[in-house]
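Chains as they are written, first to last, in the numbering used here: chain A, 89 to 474; chain B, 89 to 474; chain C, 89 to 474; chain D, 89 to 474.
Since the hints were derived computationally from the structure, they do not count as laboratory data.
Mixed in with the good hints there might be a few duds.
Which copy is meant is left open, because identical chains are indistinguishable; a pair holds if it fits in one copy or across any two.
Restricting the straight-line Cα-Cα distance to at most 25 Å, the calculated cross-link-like pairs of lysine-lysine (DSS-like) are [to be verified]: (1) K428 / K399; (2) K322 / K362; (3) K362 / K382; (4) K93 / K243; (5) K271 / K362; (6) K154 / K137; (7) K281 / K209; (8) K322 / K186; (9) K362 / K319; (10) K271 / K382.
Below are the chains, spelled out letter by letter.
Protein chains: 4
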Amino acid sequence: MAERKIRMGMIGGGPGSFIGAVHRMAANLDGEIELVSGCFSSDPAKSKKTGRELFLPALRVHSSYKDMIRIEKNLPELEKMDFVSIVTPNYLHFDPAKMALENGFHVLIDKPITMTVREAKQLKEVAEKNNRLICLTHTYSGYPMIKQARQMLAKELLGAIRKIIVEYPQGWLSTAIEETDNKQATWRTNPKKTGVAGAMGDIGTHAFHLAEYVSGLQVTKICADLNTVVKGRKLDDDGNVLLQFNNGANGVLIATQIAAGEDNNIRIRIYGEKGGMEWQQDDANSLQVKWLHKPMEIYKTGAAYLSLAAKHNTRIPPGHPEGYLEAFANHYRNFALTIKALTSHKKTKPEWLDFPSIDEGIRGMAFIENVVASAKTKEKWFQFKV
Amino acid sequence: MAERKIRMGMIGGGPGSFIGAVHRMAANLDGEIELVSGCFSSDPAKSKKTGRELFLPALRVHSSYKDMIRIEKNLPELEKMDFVSIVTPNYLHFDPAKMALENGFHVLIDKPITMTVREAKQLKEVAEKNNRLICLTHTYSGYPMIKQARQMLAKELLGAIRKIIVEYPQGWLSTAIEETDNKQATWRTNPKKTGVAGAMGDIGTHAFHLAEYVSGLQVTKICADLNTVVKGRKLDDDGNVLLQFNNGANGVLIATQIAAGEDNNIRIRIYGEKGGMEWQQDDANSLQVKWLHKPMEIYKTGAAYLSLAAKHNTRIPPGHPEGYLEAFANHYRNFALTIKALTSHKKTKPEWLDFPSIDEGIRGMAFIENVVASAKTKEKWFQFKV
Amino acid sequence: MAERKIRMGMIGGGPGSFIGAVHRMAANLDGEIELVSGCFSSDPAKSKKTGRELFLPALRVHSSYKDMIRIEKNLPELEKMDFVSIVTPNYLHFDPAKMALENGFHVLIDKPITMTVREAKQLKEVAEKNNRLICLTHTYSGYPMIKQARQMLAKELLGAIRKIIVEYPQGWLSTAIEETDNKQATWRTNPKKTGVAGAMGDIGTHAFHLAEYVSGLQVTKICADLNTVVKGRKLDDDGNVLLQFNNGANGVLIATQIAAGEDNNIRIRIYGEKGGMEWQQDDANSLQVKWLHKPMEIYKTGAAYLSLAAKHNTRIPPGHPEGYLEAFANHYRNFALTIKALTSHKKTKPEWLDFPSIDEGIRGMAFIENVVASAKTKEKWFQFKV
Amino acid sequence: MAERKIRMGMIGGGPGSFIGAVHRMAANLDGEIELVSGCFSSDPAKSKKTGRELFLPALRVHSSYKDMIRIEKNLPELEKMDFVSIVTPNYLHFDPAKMALENGFHVLIDKPITMTVREAKQLKEVAEKNNRLICLTHTYSGYPMIKQARQMLAKELLGAIRKIIVEYPQGWLSTAIEETDNKQATWRTNPKKTGVAGAMGDIGTHAFHLAEYVSGLQVTKICADLNTVVKGRKLDDDGNVLLQFNNGANGVLIATQIAAGEDNNIRIRIYGEKGGMEWQQDDANSLQVKWLHKPMEIYKTGAAYLSLAAKHNTRIPPGHPEGYLEAFANHYRNFALTIKALTSHKKTKPEWLDFPSIDEGIRGMAFIENVVASAKTKEKWFQFKV
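Input sequences plus hints: build the corresponding full structure.
And the structure:
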C-alpha cells in the first residue's frame with residue numbers, strides 16, 4: 089500500500105454533538121487519518137453546515153448514511169473512505185454499521201455498540217463474512233497506564249487476582265436536566281434511543297470493559313442494585329453491582345450519574361496475592377503499584393521502564409501529561425495501523441496494537457442485558473450470559 | 089466535684105497487645121485521665137510486668153479482672169477508679185463489662201462491643217439499671233473532619249442524602265499469618281475469640297458505624313457477599329455489601345483484609361442532591377466538599393470556619409496535622425468530660441461532647457449478625473434486624 | 089476569506105526531533121491547520137524521509153529553508169503556506185524567521201525565540217514592517233487553568249500580588265548524557281547551538297514567562313545563582329533566582345535539570361493580599377485557590393463556572409483530562425484564528441484569543457541575558473534590562 | 089534508677105499560650121513524663137488557674153521561675169523535677185534556662201533557643217559545666233519519615249547531595265493582626281520579645297534546621313532577601329534565601345508568614361546524584377523517593393521496611409496517621425529516655441535516640457543573625473558565621 093493517510097467517513101457528530109468532536113480530534117491528532125466524507129445529521133442544512141466547518145468538499149457531505157455509503161462505495165479505490173466512524177446515539181449504531189460492513193468498509197463505533205446483544209452478534213457475523221474490522225471506542229483502555237497495568241497483571245506480577253473494584257461516578261444527571269434542552273441528557277435518558285439501561289449503559293459499560301480488559305478476566309456472576317434516583321426518569325441513573333470473575337475473584341462495580349459534585353473520575357483497583365494496583369482518570373498518567381512488603385511505586389506515563397504497550401501508546405516524554413483525547417486517539421491510531429496492516433497483508437500484530445472490538449462490544453451489550461435482568465430478580469446471584 | 093483527673097483502670101493491654109497501648113496513649117494525651125489500676129493479663133507475671141512499665145503501684149495490678157473490680161470497688165471514693173477500659177479480644181468484653189457496670193464503674197470498650205447482639209442488649213440494660221455510661225471506641229467518628237461532615241449533613245447543606253460509599257481496605261491478612269506467631273492475626277481469625285465474622289467484625293463494623301454516624305441515617309436492608317480468600321481461614325477476610333438506608337438512599341460497604349498493599353485507608357463518600365463529600369484517613373485533616381455547580385472546597389482541621397463539633401475535637405491550629413491517636417483521644421476526652429458532668433449533675437450536654445455508646449454497640453453487633461446471615465441466603469435483600 | 093484550513097510549513101522536526109512531532113500533533117488536533125510543506129532537515133535524505141512519513145507531496149519537501157521560502161512565496165495564493173513553524177535548535181531560529189517574515193509569511197517559533205535580545209528585537213521590527221504575526225510556543229501559558237488564574241488575578245480577586253514562586257525541576261540532565269548520542273541533550277548543552285544559558289534558557293524561560301503571564305507583572309530586578317553541577321558541562325544546568333516585580337512583589341524562580349527523579353513538573357504559586365493560587369503541570373486540570381478565611385477551592389478544567397479564556401481554551405467537559413498537547417494546541421489554534429481574522433480584516437480580538445508573541449520573546453531573551461549577567465556579578469541585585 | 093516517670097516542671101504556658109499546651113500534650117502522650125510543678129505566668133492568679141486546671145498541688149505552682157527553681161532544688165531526690173520545659177516567648181528563654189542548668193536541672197526549650205548566638209553559646213558552657221542536657225523542640229525533625237530520610241541520605245542512597253529546597257509558607261500574618269489582641273502575633277512581631285528576625289526567627293529557623301538535619305550538611309554561605317510586606321510591621325514577615333552547603337550543594341530556603349491561604353505546610357526536597365526525596369507536613373506520613381531510572385517510591389510511616397530510627401519514633405502500624413503532636417512527643421520521649429540513661433550511667437546511645445540540642449540551637453541563632461546581616465548587605469554571598 090502506498091504511503092497515504094487512512095480515510096475516514098463520519099456518521100453523526102453534527103451541531104450539538106459532544107462525542108463527534110472528540111472523535112474528530114482523536115482521529116486528527118497523529119496526522120495519519122483524514123476525514124473525507126460525512127453524514128453529520130439527517131437534517132441536510134445541519135449536515136452541510138458541519139461539513140463546511142470541517143472543510144469537506146460539498147459532494148462528500150450527505151444527509152443520509154445510506155446515500156453516503158452507496159456513493160463512497162462507488163468511488164475509485166484511491167479516493168474512497170477506508171472506514172466509517174459512527175458517533176450517533178445508540179439506536180442509530182446498528183443499521184449504518186451493518187450496511188458499512190456489507191459494503192466493504194471497516195467500522196469504528198462509539199459505545200455501547202448496539203441496542204441489544206443480538207444486534208452485536210449479528211454485526212460480528214457480518215464483519216467476519218466481509219472480512220472487515222470493527223473498533224469500539226472504550227476510551228479508558230486506550231490510556232497508556234492501563235496498558236501497563238494489563239501487561240503487568242498478565243505476567244502475574246501481583247500473583248493471582250483476588251478482587252477488583254471499579255467505579256465510575258458522575259454527577260451531571262443529579263437533576264432532571266433532560267427536561268431542559270440538554271441534548272446529551274435527553275437521548276441518554278430515553279429508552280428508545282439509548283437502550284434498556286441508563287447509567288449502566290452509558291458509563292457502566294466503560295467500567296465493565298475496563299475491569300475485564302485490565303485483568304484479562306471475565307465476569308461470570310453479578311448481583312445488581314439499579315436505582316432511578318431522579319424522579320420521573322425512565323431508566324437507571326445509579327447502580328451498584330457485585331461481581332464474580334472466572335478465576336474466583338470477587339468485585340464491585342459502581343456506576344452513577346447522580347453523584348453530585350463528581351465529574352468523570354473513572355477509577356479501578358485490582359488486588360492480587362502480592363500487591364494491588366490503582367488507576368484513576370483524574371491522575372491518568374500515574375499507576376499506583378502497592379506491594380505487600382515494599383514501598384508503593386508510582387509508574388508514570390512515558391518512563392523508560394514501562395512495558396512496550398504503554399510506550400507505544402504514548403507520544404511525549406514523562407512529565408508531559410497526556411489525557412483523554414490522547415487515550416481516545418490511541419484507539420484510532422491502532423485501528424488505522426491495523427487497517428493498513430490488513431491491506432498490506434501483514435500477518436503478525438505487535439502486542440501493543442490492540443483496540444476494543446466486536447467481542448468487547450458483545451460483552452458490553454451482555455453486561456447491559458444481564459445487569460438489568462439481575463436488578464429485576466430477587467435472587468442474589470445472576471449467571472452472566474452472553 | 090473537686091478538680092481532679094478521671095481515674096481509669098484497664099483490663100487487657102499486656103505484652104504483645106496493639107490496641108492496649110493505643111488506648112493508653114489516647115487516655116494520656118490531654119492529661120485529664122490517670123491510669124490507676126490494671127489487669128493487663130491473666131498471666132500474673134505478664135500483668136505485673138506491664139504494671140511496672142506503666143509505673144503502677146503493685147497493689148493496683150491484678151491478674152484477674154474479678155479481683156480488680158472487687159478490690160477497686162472497696163477503695164475510698166477519692167482513690168478508686170472511675171471507669172474501666174476493656175481492651176481484650178472480643179470474647180473477653182462482655183463479662184468484665186457487665187461486672188464493672190454492676191459494681192458502679194463506667195465502662196469503655198474496644199469494638200465490637202460483645203460477641204452477640206444479645207450480650208450487647210444485656211449490657212445496655214445493666215448500664216441503665218446502674219446509671220453507668222458506656223463508651224465504644226469507634227476511632228473514626230472521633231476525627232474532627234468527620235464531626236464537621238456530620239454537622240454539615242445534619243443541616244442538609246447537601247440536601248437529601250442519596251448514596252453512601254464506605255470502604256475499609258487492609259492487606260495485612262493477605263497471607264495466612266495467623267499460622268505464624270502473630271498474636272493480632274491469631275485471635276482475630278479465631279471464631280471463638282472474635283465472633284461470627286472476621287473482617288466484617290474487625291473493620292466492617294467501623295465502616296458501618298462511620299456511615300451511620302456521618303449521615304445520621306440507618307441501614308435497613310443489606311445484600312452481602314462475604315469471602316474467605318486465604319485458604320484454610322475459618323472466617324470471612326473480605327466482603328462487599330450493598331446497602332439501603334431508611335431515607336431511601338442506597339450504598340456500598342467494602343471491607344477487606346486481603347487487599348494486598350493497602351494499609352488502613354478507611355474512606356467514605358456521601359452524595360446528596362446538591363453535592364458530595366469525601367473523607368479518607370490517609371488525608372484525615374481534609375474534608376472534600378464537592379458541589380454540583382461550584383468549585384470543590386477543601387475544609388481543613390483547625391480552621392476558624394469549621395463547626396463547633398469539629399473545633400472542640402481539635403487541639404492545634406490548621407496545618408498542624410492530627411491523626412489517629414488524637415481521634416481516639418477525642419472519645420476518651422469526651423467520655424471523661426461526660427463522666428465529670430454526670431458526677432456534677434450537669435444536665436445539658438454540648439453538641440460536640442459525643443462519643444459512640446451502647447446503642448452504636450448494639451447496631452454494630454446487629455451489623456455483624458445480619459451481614460453473616462445475608463451472606464448465607466440466596467435472596468438478594470436481607471432485612472436488617474436489631 | 090473562504091473557509092479553508094490554515095496552511096503550515098515546517099522548518100526542522102526531522103528524524104530524532106522531539107519537539108517537531110509535538111508541534112505537528114498540536115497543529116493537527118483541531119483540524120484547522122494543514123501541513124503543506126517542510127524542510128525537515130538539511131540532509132536531503134532525512135528531509136525526504138520525514139516528508140514521506142507525513143504524506144507530503146515530494147515537491148513541497150525541501151532540504152534548504154531558503155529554497156522552501158522562495159518556492160512557497162511564488163505559489164498561488166490558494167496553495168501557498170500561511171505560516172511557517174520553526175522547530176529547529178535555537179541557533180537556527182533567527183535566519184529562517186527573518187526570511188519568512190520578509191517574504192510575507194507569519195511565523196511560529198519554539199522558545200527561546202533567538203540567540204540574543206538583539207536578534208529578537210530585530211525580528212520584531214521585521215514583523216511589524218511586513219505586518220506579519222509571530223507566535224512563540226511557551227506551552228504552559230496555553231493551559232486553560234493558567235488562563236483562568238490570569239483572569240482572576242487581573243480582576244484582583246486576590247488583591248495586590250505580593251509573592252510569586254515559580255519552579256521548573258527536571259532531572260534528565262543529572263548525568264552527562266550529552267556525551268552519549270542523545271541528540272536532545274547534545275545541542276541543549278552546546279553554547280553554540282543553544283545560546284549563553286543552559287537550563288535557564290531551556291526551561292528557565294518557560295518559568296519566567298509563566299510568572300509574568302499569570303501575574304500580569306514584570307520582573308525588575310534579579311539575583312541569580314547559576315550552577316554547573318555535572319562536571320565538564322559548559323553551561324548552567326541548575327539555578328535559583330530571587331526576583332522583584334514592578335509592583336513591589338518579590339519572588340523566587342528555580343529551574344534545574346539535575347533534580348534527579350523529577351520529570352517536568354513546572355509549578356507556580358502566587359500570593360496576594362486575600363489568598364493564594366497554585367498550579368502545577370502534574371495536576372494540570374486543577375487550579376488551587378487558597379483563601380485567607382475560607383476553605384480552599386479547586387477549580388477544574390471545563391467547568392461551567394470558569395472564565396471565558398479558560399473555557400475557550402478547553403475542548404472537553406470537566407473530568408476529561410486535557411494535557412500538554414492540548415495546551416500546545418491552544419497556541420496553534422489561537423494563532424491560526426488570529427491569522428484568519430487578520431486576513432478577514434477583523435479588528436476586535438476576543439480576550440481569550442491570546443498567544444505569546446514577539447514581546448514575550450524579547451523578554452525571554454532578556455531574561456537569559458540578565459540572569460547570566462547577574463550570576464557573574466558579586467552584587468546582590470541586578471537591574472533587569474531589556 | 090527505680091522505674092518511675094521522669095518529672096517535668098514548666099515555665100510559661102499559661103492562659104492564651106498556644107505552644108504550652110502542645111508541650112504538655114507531647115509530654116503526656118507516652119505516659120513516661122509527669123508534670124510536677126510549674127510557673128505558668130508571672131501573674132500569680134493566672135499561674136494558679138493553670139496549675140489548678142492541670143491538677144497540680146498548690147505548693148508546686150509558682151509565679152516566679154526563680155522561686156520555682158529554688159524550691160524544686162531543695163526537694164528530696166524522689167520528688168523534685170528532673171527537667172524544666174521552657175515555653176515562654178523567646179526573650180524569656182535564656183535566664184530561666186541558665187538558672188535551671190546551674191541548679192542541676194535538665195532543660196527543654198522551645199525554639200529559637202535564645203535571643204542571640206552569644207546567649208546560646210553561654211548556655212552550652214553552663215550545660216557542659218553542670219553536665220546537664222538541653223533539648224530544643226524543632227518539631228519537624230521529630231517526624232519518623234524525616235528520620236527515615238536522614239538515615240537513607242547518610243547511607244548515600246541518593247549519592248552526593250546536590251540541591252536542597254526547603255520552604256515554610258504560612259499566611260496567618262497576612263494582615264496586621266498584631267494590632268488586634270492576638271497574643272501570638274503580638275509578641276512574635278515585637279523585636280524586644282522575639283529578637284532581630286520575624287518570620288525568619290519564628291519559622292525560618294525550623295526550615296534551616298530541617299535542611300541541615302535531614303542532609304547532615306551545613307550551610308556555609310547565604311544570600312538573603314528579607315521583606316516586611318505588611319505595612320508598619322517592624323520585622324521581616326517574608327523572605328527568600330539562597331544557600332550554599334559545605335559539600336558544594338546549593339539550595340533555597342523560603343519562609344513567609346504572608347502567604348495568604350497557606351497554613352503550615354513545611355516542605356523539603358533534596359536531590360542527589362541518583363534521585364530525590366520530598367516530604368511535606370501536609371502528608372507527613374509519606375516520604376517520596378524519586379529515582380532517576382525507576383518508579384517513584386512512597387515510604388509510609390510504620391512500615392516494616394523502614395529504618396530503625398523511623399520505627400522507633402513511631403507508635404502505631406502503617407495507615408494509622410501520626411501527626412504534629414506525635415512528632416513533638418518524639419523529642420520529649422527521646423529526651424526523657426536520655427535523661428534516664430544518663431542517670432543510669434548508660435554509655436551507648438541508640439542511633440534513634442536523638443533530639444535537637446544546644447548545637448542545633450547555636451546554629452539556629454546563627455541563622456537568624458546571618459540572615460539578617462545578609463539581607464542588609466549589597467553583596468550577593470554572605471559567609472555564614474557561627
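Violations among the numbered hints, reported as their numbers in ascending order: 4, 8
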